[in-house]
Amino acid sequence: MSEVLNRVVEYSGKNPYACYQCGTCSAVCPMVRFMDIPPHRAIRLLQIGAGAFVLSSNTIWICVSCMRCVDRCPRDVAPGVVFEALRLITLRQGIDKLKYEEISNIEEAPTLAIVSASRKLTG
Amino acid sequence: MINVKMLYYPGCSVKRNALEYEKKTLEILSKIGIEVYELDNWYCCGAFYSLAKDDLMKHIGGLRTLIKAQVQARKHGTNKLLTLCPMCYNVLKRVNHMLRENPENLDTLALFMDEEEKYTIGIEVLHLLEVLRDNIDKLKRLVVTEVKDVVVAPYYGCTVLRPREIAFDNAENPEVMDNILRALKIEVIEFPFKTECCGAYQSVFNRKIVFEKSGEILEEAAVRGANIITVICPLCKYNLETTLLSLGKKLRIEIVYLTDLLSRATGP
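Chains as they are written, first to last, in the numbering used here: chain A, 36 to 158; chain B, 129 to 396.
Hints in this document: simulated from the structure, not taken from any laboratory. Values in this document were obtained by computation on a predicted structure and should not be read as measured data. The reader is advised that the hints may include incorrect statements.
When the alpha-carbon atoms are kept at most 20 angstroms apart in a straight line, the in silico EDC-like pairs for lysine to aspartate or glutamate are as follows [claimed, not checked]:
id, chain 1, residue 1, chain 2, residue 2
1, B, K143, A, E142
2, B, K181, A, D111
3, B, K336, A, D71
4, B, K336, A, E142
5, B, K186, A, D131
6, B, K186, A, E45
7, B, K336, A, E137
8, B, K313, B, E274
9, B, K181, A, D71
10, B, K143, A, E143
11, B, K336, A, D111
12, B, K336, A, E38
13, B, K181, A, E45
14, B, K181, A, E142
Calculated from the model, a selection of chain B residues having no Cβ within reach of chain A, i.e. all distances over 12 angstroms [claimed, not checked]:
id, residue
15, K196
16, M215
17, F240
18, M241
19, G250
20, L289
21, E315
22, E324
23, V338
24, E340
One-sided excerpt, in silico: chain B residues whose CB lies under 7 angstroms from chain A [to be verified]:
id, residue
25, N145
26, Y171
27, V271
28, P302
29, P362
From the three backbone atoms N, C-alpha and C, an ideal C-beta is built for every residue, glycine too.
Let's have the full structure, built from the sequences with the hints guiding it.
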């Protein structure tokens with residue numbers, strides 16, 4: 036197993052190998068059109084040891100954990116949970132995705148937007 | 129009338145961005161006989177439930193809030209904890225659920241806390257919509273004026289309906305809000321985009337996504353003849369409103385909190 040896949044299993048408790056590529060996650064994902072790689076394909080890439088490719092995609096940062104794919108996944112691979120693990124691989128190295136100085140609407144946005152973005156996009 | 133007591137956790141955004149939502153909601157709740165006690169010295173619930181299995185520390189905000197509620201539950205004689213913000217509801221209910229399923233996690237989390245008492249998993253987390261649903265008959269009796277010239281598209285967002293273990297209605301076609309509005313004789317449209325994503329916190333990261341996603345919700349509501357979208361979440365409201373603004377004056381539609389509209393029917 037590749038290093039990325041090991042970490043995904045450790046952080047998420049989910050097993051990407053259980054995925055049989057039904058594509059339900061990509062069909063229900065509200066964000067799929069903004070992603071470099073659709074969720075089902077990201078899981079397939081993890082299976083074949085191309086986790087590093089998924090890590091460098093925008094997919095994991097576009098996902099907002101709405102839990103649609105998690106509720107509907109027939110194999111409990113739960114791509115939305117796997118993506119959290121993939122985000123953590125980067126964030127736990129101290130690399131933040133969100134740059135506070137670049138948020139133009141930081142004053143007017145509801146507090147919870149900033150807190151939740153911090154939870155998902157910073158370590 | 130027998131009054132029902134409830135503890136109340138407002139959360140950051142209700143107090144900073146949605147004071148009117150809170151005011152109107154508390155007015156309506158008091159009219160239907162619900163006594164609300166805001167938690168003392170409450171703090172952040174965490175806003176987003178952490179999905180990492182190996183990092184329990186991120187649940188401490190939620191757990192501390194629940195323990196605070198437990199302490200004050202004894203004082204007020206109720207174990208019900210009301211939330212208005214769906215994100216708070218989502219986090220607190222999921223933390224509660226996680227602890228019930230894995231009580232051993234409670235011991236691990238206790239290692240991070242010195243001052244707090246042990247949590248007995250006895251708090252019941254409720255969202256405003258559930259409370260209104262359970263008091264629909266009392267709400268009906270409050271109606272003083274018919275709300276005219278209003279056609280509503282009810283918009284739920286995602287966090288009160290997903291994941292399924294914490295949902296209080298069907299995630300595919302929720303009807304709680306529809307039924308509350310209909311009970312108050314307010315016209316409601318069939319709205320297939322009622323649980324479509326507004327873009328969530330991408331409003332501070334990648335706003336183009338929010339404008340596109342929220343834009344579709346607004347346009348669908350307008351096409352179906354709605355002139356009001358009712359919301360329950362400060363973030364949904366912000367995303368829909370800023371998108372509406374970015375569209376110029378193209379759409380004649382107003383984004384209002386559900387309880388704001390209800391109070392138009394029930395009077396001051």
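Against the structure, the hints come out as follows:
1. B:K143 - A:E142: At roughly 15 angstroms apart (the allowed maximum being 20 angstroms), A:E142 and B:K143 satisfy the hint.
2. B:K181 - A:D111: 15 angstroms, holds
3. B:K336 - A:D71: Between B:K336 and A:D71 the Cα gap is close to 16 angstroms, so the pair holds against 20 angstroms.
4. B:K336 - A:E142: 18 angstroms, holds
5. B:K186 - A:D131: 17 angstroms, holds
6. B:K186 - A:E45: Answer holds: B:K186 to A:E45 is near 16 angstroms, not above 20 angstroms.
7. B:K336 - A:E137: 15 angstroms, holds
8. B:K313 - B:E274: Holds, at about 7 angstroms.
9. B:K181 - A:D71: 26 angstroms, violated
10. B:K143 - A:E143: 14 angstroms, holds
11. B:K336 - A:D111: 31 angstroms, violated
12. B:K336 - A:E38: Roughly 34 angstroms between the alpha carbons, so the hint for B:K336 and A:E38 is violated.
13. B:K181 - A:E45: 8 angstroms, holds
14. B:K181 - A:E142: Violated, at roughly 33 angstroms.
15. K196: Per Cβ check, B:K196 is outside 12 angstroms of chain A; nearest 18 angstroms; holds.
16. M215: 5 angstroms, violated
17. F240: 17 angstroms, holds
18. M241: Per Cβ check, B:M241 is outside 12 angstroms of chain A; nearest 20 angstroms; holds.
19. G250: Holds, since 26 angstroms exceeds 12 angstroms.
20. L289: Label violated. Min Cβ-Cβ 9 angstroms, cutoff 12 angstroms.
21. E315: Holds, because the least Cβ-Cβ distance between B:E315 and chain A comes to about 27 angstroms, which exceeds 12 angstroms.
22. E324: With a cut-off of 12 angstroms, B:E324 comes too close to chain A, as the shortest Cβ separation is near 6 angstroms.
23. V338: Contrary to the label, B:V338 does not stay out of reach of chain A, its closest Cβ about 10 angstroms off (not over 12 angstroms).
24. E340: 8 angstroms, violated
25. N145: 4 angstroms, holds
26. Y171: 11 angstroms, violated
27. V271: 31 angstroms, violated
28. P302: 13 angstroms, violated
29. P362: Since the shortest Cβ distance to chain A is 4 angstroms, the answer is holds.
Hint compliance for this structure: hints 9, 11, 12, 14, 16, 20, 22, 23, 24, 26, 27 and 28 are broken, all remaining hints hold.
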